[in-house]
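Novice: Residue-level listing of the chains:
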Amino acid sequence: MTAVNEWAFIGIFLAVAWVLPAAPLLVSWIFRPRRANAIKMQTYECGVETVGDTWVQFKVQYYIYGLIFLVFDVELVLLFPWALAYNQLDFFAFGAGLLFIFLLADALVYAWRKNALEWA
Amino acid sequence: MEAVCENIFSTLAPCLTSSGWDPSLAQFVSILLGVLLITTFPLLLALLLIWAERKVAARVQDRLGPNRVGPFGLLQNIADALKLITKEDITPAGADRIVYNMAPVIAVLSVILIWAVVPFTSTNIGADLDIGVLYFVAISSIGTLAIMMAGWSSNNKYALLGSFRVVAQLVSYEVPMVLALLVPVMIAGTMSMQGLAVHQLGMWFIFTAPVSAIIFYVSNLAETGRAPFDLIEAESELVAGYNIEYSGMKFGLFMVNEFIHAFTANALFTVLFLGAWAGPFATEVPILGFVYFMVKTALLYVPSLILRATVPRVRIDQMMAFNWKFLVPVSVVNVLVIALALKIAQGLGLTPENATDFVSNIPQTIVLLIANLVVVVFALTLVRGSVRKERLMTSGKRAEPAAGDAEQKALAATVAGH
Amino acid sequence: MLEITPNTIAFLVFALLSVGGALGVVVSTNLIHGALFLIVSLFGGAGLFVLLAAPFMAAVQILVYIGAIAILIIFAVMLTRSMTSLSEIFNRQWWISAIVAVVMLGLLLVGAILPVWGPSGTNAMLPVSDAVGTTVDLGIALVDGNQFVLPFEVASLLLTAAMIGAIVIARDNE
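Chains as they are written, first to last, in the working numbering: chain A, -16 to 103; chain B, 405 to 822; chain C, 320 to 493.
Think of the hints as simulated: they come from the structure by calculation, not from any bench.
Hints are supplied without guarantee of correctness; some may be wrong.
[Unchecked claim] Computed spacing ranges between beta-carbons, pair by pair:
| no. | chain 1 | residue 1 | chain 2 | residue 2 | range |
| --- | --- | --- | --- | --- | --- |
| 1 | B | R719 | C | A480 | 20 to 26 Å |
| 2 | B | S764 | C | I323 | 50 to 56 Å |
| 3 | B | L773 | A | A6 | 47 to 53 Å |
| 4 | B | D466 | A | L9 | 36 to 42 Å |
| 5 | C | V338 | B | F782 | 37 to 43 Å |
| 6 | B | M797 | C | G339 | 50 to 56 Å |
| 7 | B | R719 | C | V421 | 51 to 57 Å |
| 8 | A | A6 | B | T714 | 48 to 54 Å |
| 9 | C | P470 | B | L486 | 55 to 61 Å |
| 10 | A | N(-12) | B | L777 | 42 to 48 Å |
| 11 | B | A497 | A | N(-12) | 44 to 50 Å |
| 12 | B | L777 | C | A489 | 36 to 42 Å |
| 13 | B | T714 | C | V338 | 48 to 54 Å |
[As the list claims (entries may be wrong)] No more than 25 Å apart at the CA atoms, straight line, and that leaves these computed lysine-lysine pairs for PhoX-like:
| no. | chain 1 | residue 1 | chain 2 | residue 2 |
| --- | --- | --- | --- | --- |
| 14 | A | K23 | B | K729 |
| 15 | B | K491 | A | K23 |
| 16 | B | K729 | A | K97 |
| 17 | B | K487 | B | K459 |
The beta-carbon is built from N, C-alpha and C at its ideal position, and this holds for glycine as well.
The shape of chain A in the complex, shown without the other chains (with noise of 0.2 Å):
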């Protein structure tokens, strides 16, 4: 099995993996009842009615989570390559992973001194 056979295998899962959960939603819009009415199709929340708009503010904390995790996200994706190379790899490529490394733990460190880990 050549590499290009292994991705046309997942080229051809791809096409068909959704067909699989997308059926039964098919089976399900030709059998289901169809009697909607406008107090079915509510919002629900708890019996409430809904007020003022869905799209209500967040707070800056997500955000702020999802940056980390992509900072932290890029730096894994390229210490991949480092360590599947390891092995092979002299101490000096431990120096330059530990410098990597440490970089990024500053700026955890940094996070985490100024309560940017905090949820609340």
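Model the placement of chains B and C on the given structure of chain A, informed by the hints.
Specialist: Just chains B and C now, kept in the frame of chain A:
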């Protein structure tokens, strides 16, 4: 000829060609058959998983669980599926219809796609990608997206709030999970799932990297929304979470996604730390490997069911603090210490010449275990520090009578924050 | 001239996803829809990376761009107030960017069809397997003192700076 026909998922082609098929057509048909097998497998499994979950939860709560439809209630889920299919579908007014309908499909798709790289036996794997580990990490992140789509398109405040919390949880716990994954990749020097499985023929990674295994297990519990981390469906706070507006089969798909995802996470743990299909005679008789694989995964899965039925849910701030202030630092230190230990082992000439031989793995394993102990000591100091801090805070509160007032204010601020 | 192989079909599909998604980003007036179209476009890009025999880049594309940046964009959109559907076009310079885009496309087309740049298009004739390295090669190159170790470390520094900057901006009330 038998040798090439072994992989029922993708190398049937030579057999078909030898029986007179056009080679490229044979290739296509063999891949298609493999794809159909792998995609239906987790969906059929889901029926069994839901049954197991209900039975275990019932036993923990001193009930019987489903026992009417079929033997031991095994057919209960088929009855439930039929019911869900014939249910009226309610799309709330103001929902974004296209996104709303796509979300459950994408959620299930993101889990099924992972099974393409799971090595079932020594010869049977969908696609043995060079970047197998990264592939599944990438695919899992698509599941996060599906939840975001579901929450946003429902046009419901609870759903939006729930989905945002879940997404914050999922992305946060992805960091320690991926950091834990670096360690097996580092030891084995490969990212292919089959490569990792073969490398563990000598020594399972749970023995060489137990700390990574624990981090991976815990963060996977959070990734799949299980056990103490099931804020995904915090009924008491958010009614139901991101899928509140979904009904009928669409809701069913989200449930199926959840169950398959939990099982898939355990299957991946088996591949990465428990040697996948490794076991006596697994290389000679591939079908035995499949049995070992499923047994190992099931043995991992059942504790997570009992855990789910027994432990209370954590608060979201506790969950975030646990991740960023404990799991992430520990896993960062873990990667560094293991990297150092591997280089030391290499320098001392302890790296096994033949990774599939048990005895030649022992020296390196001892070095790595010592490294793991260092990480555990670091983790314990971290815990001690935070416990001491908490004790100081509570004693400070007791000394200050106005603390109750401040707490009330903090609560009001939290409510306003949402 | 153009053979219909599975590869070309896959290329067409992914190219269509990529360009169509990009078009959706520009055209849609709903910010969240724009973000979702961006994801479609990026997914097409990931597929193209696979066709170029760079699966690592494809994984990075999905993991970082779809898994992290798209999520971040949606979080950022939700931080704003009620901007899902913009009825008017705020950007009055759209026609300038349209002209620039068309000129760029023309230049790229010329460059792709006529071998104006590079050693007269011979690179394009190389078989894929000879032209690319593996992910292991990438790992070795990233920490090799003579190759990319400095960019590797600078990338880490840059990310740290980005995170610190964001925290400072987001929590300026303290």
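Novice: Assess, step by step, whether the Cα of A:K23 is no farther than 25 Å from the Cα of B:K729, and give holds or violated.
Specialist: The hint is violated at about 45 Å.
Novice: Can you let me know if the beta-carbon spacing of B:S764 and C:I323 is within 50 to 56 Å?
Specialist: At 52 Å between Cβs, range holds.
Novice: When you take the CB atoms of B:L777 and C:A489, is the distance between them in 36 to 42 Å?
Specialist: Given range 36 to 42 Å: holds, Cβ gap about 39 Å.
Novice: Could you tell me whether the CB distance from A:N(-12) to B:L777 stays inside 42 to 48 Å?
Specialist: Between A:N(-12) and B:L777, where Cβ atoms are some 44 Å apart, the hint holds.
Novice: The hint says 20 to 26 Å between B:R719 and C:A480; measuring C-beta to C-beta, is that right?
Specialist: violated (33 Å)
Novice: 48 to 54 Å was suggested as the range; check whether the CB atoms of B:T714 and C:V338 agree with it.
Specialist: holds (52 Å)
Novice: That 37 to 43 Å hint for C:V338 and B:F782 (C-beta), does it hold up?
Specialist: violated (50 Å)
Novice: Starting from the range 48 to 54 Å, see whether the pair A:A6 and B:T714 falls in it by beta-carbon distance.
Specialist: Violated: the Cβ-Cβ distance is about 36 Å, outside 48 to 54 Å.
Novice: A range of 36 to 42 Å was offered for this pair. Does it hold for the Cβ distance of B:D466 and A:L9?
Specialist: Holds - the Cβ-Cβ distance for B:D466 and A:L9, about 41 Å, lies within 36 to 42 Å.
Novice: With a cut-off of 25 Å on the C-alpha distance, tell me whether B:K487 and B:K459 pass.
Specialist: holds (20 Å)
Novice: Could you tell me whether the CB distance from C:P470 to B:L486 stays inside 55 to 61 Å?
Specialist: About 58 Å separates the Cβ atoms of C:P470 and B:L486, which means 55 to 61 Å holds.
Novice: Return holds or violated for the Cβ distance of B:L773 and A:A6 against the range 47 to 53 Å.
Specialist: holds (49 Å)
When the structure is compared with the earlier hints, violations turn up for hints 1, 5, 8, 14 and for no others.
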